[in-house]
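There are 2 protein chains.
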Amino acid sequence: MIILSEHEIMKHYRMSEAVQDLEAGLMSMNEGKIDNPHRTVIEYPEQHASILYMPSSNQEERIAGIKTVSIFPENTQVGKPTTQGVLLLTDTRNGEHVCLMNASYLTRLRTGALSGVATKRLARKDARVLGVIGTGGMAFEQVLGVLEVREIEKLIMFNRTREKADKFKEKLQRFGVKQDIVVVDHVDEVVLASDIINCATRSHTPVFDGKLLKKGTHINGVGSYLPSMREVDEETILKSDKIVVDDMHGAKEEAGELIDAAQKGAWSFDKIYGELRQLLGKSTHRETDDEITFFKSVGAAYFDMAVAQGVYRAAKEKQFGITVTV
Amino acid sequence: MIILSEHEIMKHYRMSEAVQDLEAGLMSMNEGKIDNPHRTVIEYPEQHASILYMPSSNQEERIAGIKTVSIFPENTQVGKPTTQGVLLLTDTRNGEHVCLMNASYLTRLRTGALSGVATKRLARKDARVLGVIGTGGMAFEQVLGVLEVREIEKLIMFNRTREKADKFKEKLQRFGVKQDIVVVDHVDEVVLASDIINCATRSHTPVFDGKLLKKGTHINGVGSYLPSMREVDEETILKSDKIVVDDMHGAKEEAGELIDAAQKGAWSFDKIYGELRQLLGKSTHRETDDEITFFKSVGAAYFDMAVAQGVYRAAKEKQFGITVTV
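From first to last, the protein sequence lines are chains V and F.
Under my numbering, residue 326 is the last one in the first sequence; the count climbs by one each step, no gaps.
Under my numbering, residue 326 is the last one in the second sequence; the count climbs by one each step, no gaps.
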């Protein structure tokens with residue numbers, strides 16, 4: 001079995017590959033080649049913690065995987081990561097367990113790739129300004145996902161704690177991002193200036209005012225992954241000409257702002273334009289320059305699988321990782 | 001993370017420990033400390049294969065585990081094992097994934113330990129002859145489980161292919177089993193001579209004639225783990241004064257001979273004396289020397305967890321296994 005650490009995956013596998021591999025996975029789903037059973041969740045209420053077991057299998061690629069993610073929010077108090085994931089791959093030609101990889105970077109990467117694939121088919125072709133609201137957890141790879149698919153000239157960023165946004169800017173520059181990066185003190189500046197807005201927060205109240213949205217804006221929302229969370233306001237939901245979700249089943253159970261709007265009767269899940277995979281047939285689904293589009297992501301096991309499979313293929317080709325007998 | 005191969009587990013962890021750790025796990029279940037959610041099965045019908053994902057969590061021991069087992073019967077044609085398992089342990093104090101271990105020997109060990117725990121509380125105290133029907137897959141550790149709990153003086157064994165029984169005898173002797181071991185050419189000889197009978201077959205038809213059972217016999221059946229299988233005949237089921245199952249939910253879905261007898265109306269699951277864990281309060285549940293008792297095992301994730309946890313503890317104490325960064 002090959003063991004892949006986060007460091008090794010980061011070193012050898014890039015966003016461009018993740019976007020490609022994710023699109024292949026979405027196509028496999030469209031062709032009915034993917035089993036994506038319900039995840040199993042074990043809760044630890046005293047610690048406000050949970051462990052998620054997310055299996056998936058791709059008949060076409062002859063591989064199955066299970067991501068095990070533990071979410072322990074109180075870990076911040078002991079200096080440990082709140083989210084810790086590993087993913088096991090099984091070759092379904094013979095049942096051999098072939099790879100165990102760190103799934104932390106992998107999860108961020110597939111989430112960024114999801115925003116990339118959605119942006120590619122929903123944002124204006126001439127989008128030049130990327131707004132970033134929230135510079136924590138998933139934000140970095142979400143920026144990379146968008147940079148992969150649009151010729152962005154400028155990034156404009158806001159974080160509740162400005163210092164963190166400044167550090168985020170430095171991190172992007174160290175990584176090699178050449179575009180102008182501006183950190184602003186008020187979120188309105190982001191909304192008024194951006195063609196594309198990335199949201200990646202853990203907020204329980206909307207992080208920007210939908211009234212300020214420019215015509216033609218595309219929004220990627222990867223926060224609000226619990227029913228109690230709200231990242232985007234009702235105005236934005238109602239104003240959006242097209243709302244696309246990564247996974248319908250997951251969105252109905254987890255996408256806080258959509259669930260809230262639906263429960264209030266202000267909006268309905270019937271209005272969703274489609275799942276991300278359904279956008280793959282056409283190069284764009286944008287019909288006018290003025291449309292506001294909103295991509296909402298909550299995650300599903302088969303996205304992880306699609307990217308994990310690409311990482312495993314890369315590990316075999318480029319011979320990285322360590323081999324152990326289990 | 002510690003990685004434990006089958007070889008290392010075999011070298012450092014014995015049946016006596018497995019029996020103890022399994023009993024502790026059964027006690028935890030009795031105390032309501034164990035989550036044992038439904039397993040997830042992904043099927044590969046063209047290959048008659050499947051992958052089982054079996055999670056479980058012990059709140060008392062603060063550990064969770066998931067066993068991933070692939071069952072690929074056609075692997076015999078390519079010289080690969082038909083069953084390949086690994087088990088991942090997560091520390092539920094902080095969500096850290098602490099150990100990945102081979103689960104093949106582990107599964108055999110916990111199955112043997114189940115037969116041991118059942119035999120301890122159901123078989124006659126003065127049982128001296130252990131009969132073995134079927135000398136494949138699970139049989140070896142099932143013998144060890146019984147030897148752990150009764151002063152066996154003689155083993156009498158039958159296998160459809162006699163040569164395999166002879167090899168099995170040699171394997172037991174190499175392992176250090178000092179008791180007399182006799183291989184016989186007809187299964188009736190086993191049934192007529194034994195105080196305890198172990199069955200571990202993949203048979204679809206009963207492997208012995210229940211009419212020949214001596215009074216006071218205890219039977220351990222670990223085959224018939226699919227509804228289509230039959231290891232024990234209806235006579236034996238009807239003749240048994242006490243039938244104990246390892247897991248009621250699993251038995252109703254998987255124990256072939258019991259399902260068949262219930263469907264025919266000859267017998268009912270209401271007649272089951274109890275689950276194995278319910279026997280733990282008393283040292284014996286046998287009321288007379290004449291009772292016939294039957295323990296039926298199909299497996300459940302929490303048994304694997306209980307033993308895996310013991311293996312992990314041993315690995316930390318005795319410092320075996322290899323440590324990798326995942």
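If you are wondering where the hints come from, they were derived from the structure by calculation, not from laboratory data.
Honestly, I wouldn't trust all of these hints.
Cut-off 25 Å, straight-line C-alpha distance, at most; resulting in silico cross-link-like pairs (SDA-like, lysine to any residue) [to be verified]:
1) K80/V to W267/F
2) K80/V to R313/F
3) K316/F to N94/V
4) K316/F to K316/V
5) K33/F to I2/V
6) K316/V to N94/V
On a predicted model such as this, the values are computed, not experimentally measured, just so you know.
Structure-based check of all given hints:
Simply put, K80/V and W267/F have alpha-carbon atoms about 55 Å apart, too far for the 25 Å limit, and the pair is violated. Annotation: proposed proximity of K80/V to R313/F holds, straight-line Cα distance about 22 Å (limit 25 Å). Using a Cα cut-off of 25 Å, the hinted pair K316/F and N94/V is violated, with the two alpha carbons roughly 32 Å apart. Straight-line distance between C-alpha atoms of K316/F and K316/V comes to about 31 Å, which puts the hinted pair past the 25 Å bound.
At most 25 Å may separate the alpha-carbon atoms for a hinted pair to count; K33/F and I2/V exceed this at roughly 34 Å. Of the pairs offered as hints, the one joining K316/V and N94/V holds, with about 18 Å between alpha carbons and a cut-off of 25 Å not exceeded.
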